[in-house]
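Trainee: Single-letter residue listing:
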Amino acid sequence: MRLSEQAEDLAKALTEAQKKMWESWFDLMRAAPVSLPLSPPVADQWREMALQGLKTWTAESEQVVKDVAERLATTQDVVMRFLDLSVSAWKAMAPQIESGEDWQTWAKNYADHLRQQFLQFPQGATQAAQDTDELQRLYLEEWQKLVQPWVESLRRVPWQVGQAATGDGSAGIKLTNLYWDAYERTFGRLLESPSLGHTRELTQDLLKGFDAWVDSRRAILEYQSGLAEAWAEALEQFVRKLVSLAEKGEKIQSLVQLLNLWIDVIEGVFTTRFRSEEYIEKQSRLVNTVMAYRLIEREIVEAFLKTSHLPSRSEVDEAYRRIYELRREVKELKKSLRDLKAELSDQSKKGSHAAQSNGPPPDSHSKDHPHD
Amino acid sequence: MPFPLHLSPEETLRELTELNRKVATGIDNLSRLREEDLQVGVTPKEEVYREDNVVLYRYTPMVERPFPIPVLIVYALVNRPYMVDLQEDRSLVRNLLKLGIDVYLIDWGYPSRGDCWLTLDDYINGYLNNCVDNVRARHGLDRINLLGICQGGTFSLCYAALYQEKVKNLITMVAPVDFQVKDGLLNLWVGCSPGSPGMDVDLLVNALGNIPGEFMNFGFLLMKPFELGLRKYLDLIEILDDDKKLLNFLRMEKWIFDSPDQAGEAYRQFMKDFYQGNKLIKGEVKIGGKPVDLREVRVPVLNVYAEQDHLVPPASSVALVRYVGSADYTVKAFPVGHIGMYVSGKVQQDLPPTIANWLKERP
Chain E
1 MRLSEQAEDL AKALTEAQKK MWESWFDLMR AAPVSLPLSP PVADQWREMA LQGLKTWTAE
61 SEQVVKDVAE RLATTQDVVM RFLDLSVSAW KAMAPQIESG EDWQTWAKNY ADHLRQQFLQ
121 FPQGATQAAQ DTDELQRLYL EEWQKLVQPW VESLRRVPWQ VGQAATGDGS AGIKLTNLYW
181 DAYERTFGRL LESPSLGHTR ELTQDLLKGF DAWVDSRRAI LEYQSGLAEA WAEALEQFVR
241 KLVSLAEKGE KIQSLVQLLN LWIDVIEGVF TTRFRSEEYI EKQSRLVNTV MAYRLIEREI
301 VEAFLKTSHL PSRSEVDEAY RRIYELRREV KELKKSLRDL KAELSDQSKK GSHAAQSNGP
361 PPDSHSKDHP HD
Chain A
1 MPFPLHLSPE ETLRELTELN RKVATGIDNL SRLREEDLQV GVTPKEEVYR EDNVVLYRYT
61 PMVERPFPIP VLIVYALVNR PYMVDLQEDR SLVRNLLKLG IDVYLIDWGY PSRGDCWLTL
121 DDYINGYLNN CVDNVRARHG LDRINLLGIC QGGTFSLCYA ALYQEKVKNL ITMVAPVDFQ
181 VKDGLLNLWV GCSPGSPGMD VDLLVNALGN IPGEFMNFGF LLMKPFELGL RKYLDLIEIL
241 DDDKKLLNFL RMEKWIFDSP DQAGEAYRQF MKDFYQGNKL IKGEVKIGGK PVDLREVRVP
301 VLNVYAEQDH LVPPASSVAL VRYVGSADYT VKAFPVGHIG MYVSGKVQQD LPPTIANWLK
361 ERP
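Protein sequences appear in the order of chains E and A. Mapping of the first sequence onto this note's numbering: position 312 corresponds to residue 312, and the numbering continues sequentially without gaps. Mapping of the second sequence onto this note's numbering: position 319 corresponds to residue 319, and the numbering continues sequentially without gaps.
Since the hints were derived computationally from the structure, they do not count as laboratory data. Heads up, none of these hints are tricks.
Below, computed lysine-lysine pairings styled on PhoX-like, alpha-carbon distance capped at 20 Å: (1) 66(E) x 244(A); (2) 245(A) x 66(E); (3) 55(E) x 22(A).
Whenever a hint applies, use it, and build me the whole structure from the sequences.
Mentor: Written as structure tokens, this is what we have:
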């Protein structure tokens, strides 16, 4: 059979397998203990649906079972995607080979093409990261997301409290208005005009936050770019491995064999890269910049909390610190007390031993005696 | 040159269909399992001491007259100590009990945010020392045996250097000693080589308070991302219909992802002094102001390590011989990885008698 026909048949087999996979998942979920909100069986949605089904299916299972079931479904998804990619590559390659082109050269070019695709996103995003206005917009968008739950809770809680406490809706409304005022004075004002903060400190924090956010964003992109490089390299190595197998006359005859070969190659590439100074620098920068941003983010959140008369993380931590120090002090005091008691007891024993040796003292029944 | 791929459509379809069938059936089987099927740490034990989150357990002896000097197992703060008693047929504890050893174990618990100020001083001079005193008092002994595992081995070394009047014999198992070893990926990432980029530990602790267990676990899994994230589950598909193997897998999986948060201040000192500063072998570590000098560890030492350990490289453990003050030093290697030390069938045959015999020769 010609290579292109083989590839075509394999693609059909893949489609058939995907259909069967759907059927097996559908059967599984139909038997689930409760009804599932099933989406129409559209191929692209299968994974989402599978995960949704898994949650219901394993709702009463221990956490480890839930997690393992999810990882199994993910593995199945990865296998299908891997085969999909392989078949696409094969289909694209077959006509070239049949027309006499060297397949190794073609495979190398294909790998290069994928490499460019892998790297396109991080590079494009890095370029975008140079645009300060765009970044400022994204930064504020993220803050909006961060603050929104607070706004929601401030809106809802007083209403519910009012109703529950008095059964009088109007009281709730008044309370809500109060909270809305508070919101307008704090979160709202800040959100509406981020450059006009309440205090110079807060404005400075927001500016520092922006710088830290830009740093962390760049670090994330650099890290992703490093991983994309590793993926591209893994692909190249995989092609090389296939070439070397062909040279030795060895054949890959099963999907599992192919998949295991891929895992061997990609694991090797990533492990080597993970040891490189370049990678370690990117990973460290990623962790350090994200943490720096998180610290500044906390300062800003704490400023909000302060204006809303709520305790901050730092204040709670400080209280914990005091409790911790007191706990240590109590332990030390208890230990000193125990040691002291033991010492007194020893002295008392020694004293009574000495007294017994010398005969009873005349006032041995005095009420001041420690054992009395 | 022949094309190396010979995947027949029929065979591929059969393989995929089989794979899908196994996954679907396997998930169905998984969903039928209940908590009681996945019990861990089942060897009978009783709580004998409790302080804050820390609990000291004594395992019920399995022989009429156990060896008179008990062993206190000091596990790492990372992950849970039930790894030494994962299940009946994979239990270091049970095997030691059968060999007549009286076994105690410290469970460090799950630190909450309120515990973020706990330091190594609290763990070593506080909890560990109090547990040792408790065991000594219960048995009317001046000295007891310590078995320190992984980070717990490093703690035990510090303890033995500071309190050797309370330690009879010391066993360290897969314990890091020299932290600047080139073959350790974890060591490289943390920034153990002088001048190399690394994590800013202060920033991390200041930002997070306690270090989340998930963060730690992610780092461990990232060291072998495709082996641990993909191949492991591909292999699982093959054993889904084997109840015994499936339960073994799930118990192990439960342990792997049961990662307590790390108390911030203790983490800060361990990472900065031990990992980044490599101060243990330099004699520069101080625990609660007390200097730790490994030359002061003069009690007999048995150092056990795993030859294929990717978390604590063998070079990190075997370095102990160069720094410890003991004249009675024994080293023993096992041809497994870090986790294999606890669960490999072959190791479980050899390791417990190695420990028990070594202890009995040093009464």
